[in-house]
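Model the full structure from these sequences, guided by the hints.
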Amino acid sequence: MNYEERLQNVTVLGAAGKMGSGILLLTAVEMTNLSLKPENKGKTFVLNAMDLSDEGLHGLMKYVKSQVLKIAEKQTVWLRSVYADRADLIENGEIIEQYIFDVLNMIRPTTAMEVAYRSNLVFEAVSENPDLKVKILSQIDTNNPNKPWFFTNTSSVPINLIEEGAKLDGRVLGFHFYNPPAIQKLVELITTSSTLPEMKEFALTYAKGLKKVVVPSNDIAGFIGNGHFMRDGLHGLSEATNLSVKYTFPEAVYMVNKVSQDFLVRPMGIFQLMDYVGIDVMQFIMKVMNPYMENENLHSDIIDQFIELGINGGQMSSGAQKDGFLKYEKGRPVAAFDPSSKEYVSFETFAEKCDAQIGALPEGAIPWKKTVRLKNKEEVFGKFFGKMKSMDTLGAQIATKYGSRSNEIGNALITDGVAANKEDVNTVMLTGFFHAYGPINNFFN
Amino acid sequence: MRKKVYMTAGYNTISLGTGRKEFNPKKPRPGIEDYLKEAGQGVLKQIKGGADSVDESIMGNFMAARFNKQANLPGFFPMIDKGLEYKPATSVEGACGSGGLSLMGGIRSVLGETADVVLSMGVEVQNTVKAIYGADILAGAGWYKERKQGHAYFFPGQFSDRAGAYYEKYDRDKARKGMAQWYANAIENARLDPTAQEFHNTHPDPYAQSLKMEPNGKIFVDHLNFMDCSKVSDGSSGIIIASEEGLEKIGVAKKDAVEVIAFTQTIRNITEQPADRTELTAIKKAIEKALANAGITVEQVGTIELHDCFSIAGILTVEALGLAKPGEGCDYVADGKTKRDGEMPINTTGGLVGWGHPTGATGVHQAVTIWQQLTGKAGDSQIEMKADSPYGMTINMGGDDVTVVCVIYKQG
Numbered sequence: 000m001n002y003e004e005r006l007q008n009v010t011v012l013g014a015a016g017k018m019g020s021g022i023l024l025l026t027a028v029e030m031t032n033l034s035l036k037p038e039n040k041g042k043t044f045v046l047n048a049m050d051l052s053d054e055g056l057h058g059l060m061k062y063v064k065s066q067v068l069k070i071a072e073k074q075t076v077w078l079r080s081v082y083a084d085r086a087d088l089i090e091n092g093e094i095i096e097q098y099i100f101d102v103l104n105m106i107r108p109t110t111a112m113e114v115a116y117r118s119n120l121v122f123e124a125v126s127e128n129p130d131l132k133v134k135i136l137s138q139i140d141t142n143n144p145n146k147p148w149f150f151t152n153t154s155s156v157p158i159n160l161i162e163e164g165a166k167l168d169g170r171v172l173g174f175h176f177y178n179p180p181a182i183q184k185l186v187e188l189i190t191t192s193s194t195l196p197e198m199k200e201f202a203l204t205y206a207k208g209l210k211k212v213v214v215p216s217n218d219i220a221g222f223i224g225n226g227h228f229m230r231d232g233l234h235g236l237s238e239a240t241n242l243s244v245k246y247t248f249p250e251a252v253y254m255v256n257k258v259s260q261d262f263l264v265r266p267m268g269i270f271q272l273m274d275y276v277g278i279d280v281m282q283f284i285m286k287v288m289n290p291y292m293e294n295e296n297l298h299s300d301i302i303d304q305f306i307e308l309g310i311n312g313g314q315m316s317s318g319a320q321k322d323g324f325l326k327y328e329k330g331r332p333v334a335a336f337d338p339s340s341k342e343y344v345s346f347e348t349f350a351e352k353c354d355a356q357i358g359a360l361p362e363g364a365i366p367w368k369k370t371v372r373l374k375n376k377e378e379v380f381g382k383f384f385g386k387m388k389s390m391d392t393l394g395a396q397i398a399t400k401y402g403s404r405s406n407e408i409g410n411a412l413i414t415d416g417v418a419a420n421k422e423d424v425n426t427v428m429l430t431g432f433f434h435a436y437g438p439i440n441n442f443f444n
Numbered sequence: 000m001r002k003k004v005y006m007t008a009g010y011n012t013i014s015l016g017t018g019r020k021e022f023n024p025k026k027p028r029p030g031i032e033d034y035l036k037e038a039g040q041g042v043l044k045q046i047k048g049g050a051d052s053v054d055e056s057i058m059g060n061f062m063a064a065r066f067n068k069q070a071n072l073p074g075f076f077p078m079i080d081k082g083l084e085y086k087p088a089t090s091v092e093g094a095c096g097s098g099g100l101s102l103m104g105g106i107r108s109v110l111g112e113t114a115d116v117v118l119s120m121g122v123e124v125q126n127t128v129k130a131i132y133g134a135d136i137l138a139g140a141g142w143y144k145e146r147k148q149g150h151a152y153f154f155p156g157q158f159s160d161r162a163g164a165y166y167e168k169y170d171r172d173k174a175r176k177g178m179a180q181w182y183a184n185a186i187e188n189a190r191l192d193p194t195a196q197e198f199h200n201t202h203p204d205p206y207a208q209s210l211k212m213e214p215n216g217k218i219f220v221d222h223l224n225f226m227d228c229s230k231v232s233d234g235s236s237g238i239i240i241a242s243e244e245g246l247e248k249i250g251v252a253k254k255d256a257v258e259v260i261a262f263t264q265t266i267r268n269i270t271e272q273p274a275d276r277t278e279l280t281a282i283k284k285a286i287e288k289a290l291a292n293a294g295i296t297v298e299q300v301g302t303i304e305l306h307d308c309f310s311i312a313g314i315l316t317v318e319a320l321g322l323a324k325p326g327e328g329c330d331y332v333a334d335g336k337t338k339r340d341g342e343m344p345i346n347t348t349g350g351l352v353g354w355g356h357p358t359g360a361t362g363v364h365q366a367v368t369i370w371q372q373l374t375g376k377a378g379d380s381q382i383e384m385k386a387d388s389p390y391g392m393t394i395n396m397g398g399d400d401v402t403v404v405c406v407i408y409k410q411g
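In order, the protein sequences belong to chains A and B. Under numbering that gives the first Met the number 0, the letters of the first sequence match residues 0 to 444, in that order. Under numbering that gives the first Met the number 0, the letters of the second sequence match residues 0 to 411, in that order.
Accuracy of the hints is not assured; some may be wrong.
[As the list claims (entries may be wrong)] Covered stretches of chain B (chain A as the covering partner; in silico rule of three or more C-beta atoms under 8 Å from a C-beta of chain A):
#1 131-138
#2 145-154
#3 217-223
These are computed hints drawn from the structure, not numbers from a lab. Computed from a predicted model, the values in this text were never measured in an experiment. Just so you know, even glycine gets a beta-carbon here, dropped at the ideal spot from N, CA and C.
Laid out in structure tokens, this is it:
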């Protein structure tokens, strides 16, 4: 079965979810582009969008339509050549509409999992529950005569666990998109010792078709991305705990969040990032990862406490940020939660005092946004962090410690065998987390 | 000319589109009626008696029927001013040459003695659709049967082919340098006119900016970059066309008007591709005839507003004018001879690339600029007119060298 044949019947499980919808969109576009090649004329391509939520599927089709419109408008030059033999399609507008129709016409929204029984390729993007994943994949495999290949989008469950549990014999691999899949360039590719080589080759071709950057990660719970993020988050929580001896908890959260953003030149502070991912998601992923960790306890009492209080963070279906450690107004954090009073305390009441405690940014500071196109990053960051190390302000101290810890986490991912090398770790953090510099560096020694 | 014809009381709205600080594609923008009102009233305010002094009106517009879902444009004149109600008005269309046709219609009414004072306007509001759909609409300036084979960006595609032919026949590097200088001049001039679309442009080195950006056929066209092209613009312009009696009636002194010395129009067959893509033959004919009718040589012309919808069109028109030999128009431009202080100041408020290109309004905008320059009303854009070259010229083109209007002017 070649690449095209493999993609002639595909099912995405959990297609209406945050990750599933992006995977569905990208796959639908890739399949449509294949179907429009002259050599594939007359062949039928089917993409089942399977999800348990009717309401979700309704929204999914709207999402796909709006996204394909944008894609088509950007690729009209190429689309005109694709539809060159269609005498009835003359204007750009007509060509764009036809393309949208062709993409939507490939997608079969459904709540019935049985559709996957005929697929050659099954994408799994259901919730991060190992037992559920094993159960579903096993059921499909038993009923599907095609010996289908399974791609799981898990960000934390070891692939060999799924492989063994569902008896898939090398027919499953981890293809971990970053959120949102339509925009994020990174994919972590996780194979097991028995993964079929032709399946891995297919995955690389498919990733290339989707214009993704692939970083291979070994099959160790959490892989590279969450392997770094969970520990990085725990470090932030522990720093806040240390500070909360002298300051209130909201003040401590504010300070650590600010330092991890401004002093470390990151796109957002660590508490905002944990809210973005979802405090509940973090708790869940750590629970999945923890049994596989030797000599390490991936757990936070503070996270448990917030979940018990029903404060989860994450995003609404509109993409707006829900409140978590921080409270948001128009997407910007404005207050921090105090677990003792169970109320958010406005930054305004303590920002001035805390900012004074943190101290000024080292000389030569540049906002993260401006570092994206920086050409001499090594030199600029070297100088900046060099200055920072020599300062004795609270902010500089927390940041230096934070940078060293991030460095340590990155290196541990290599010694633990999760990542093959420094480049892979740094690529994941640069591409998947939009860091301005990789965690493995010489800035903080 | 069997009778003296003058133009005066010109007015331009801003050319709105990307580049202007006011422009936000996500927010509502003024509609076609807002532009017409502003430009029309801007003209009428400058003449004695206002609308009551106007005998008839004429409107140049290309594709309001599609950009704005609006036809029957003469009906907007009474909206501009009640004084225009129950008076004759018409609208004319010749793609991006519509404004030129509006001028010509006005001149003819005066010559035909059906009017002493004509309000000539042009308008286009194109930001109602994204550029990729606007390209479909503007493709109407070509032959519809060639649309299917044409480029997604149809007209950039047409002129990219012209640029490609020019590169091949002459020298690509030289041509690119001339085209980059064309852009730099356009920006330099536009920065002096507050109504220009590039008025807010602050790039430190537009020449290098354009020269550095290699044309990329994968995302746009093969032989032009974005800076070789005029942008998508909304705007309107208006001017009064009057007889001597008319000027008296509206209380304008001759020195505050320009006299139309000659006007010509040429048409090239829309169903035929140009025989040689490195030549603009309809433009060349129009210029030659106009100069002959005026009885002057191009050296006596002190400033020209020409139709640089694309930088290559500007360079080819320089050659059609006889200012440079074929293949040397790019050098003429690269040497700075078309700059505002050069041998032949061209497009002194930025032209289509710099000032903007609200398609149906462009021909009228060109006349307004020449009127401003020749009567000393060009503000910061004012150039010095010399005694031995007192004439001004406008060249307005519709489609790919299809509908061309050339007018020669002199201060009244």
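Hint check results:
1. 131-138: With 5 residues close enough to chain A, the hint holds.
2. 145-154: With 5 residues closer than 8 Å to chain A, the stretch 145-154 of chain B meets the three-residue bar; holds.
3. 217-223: holds (count 3)
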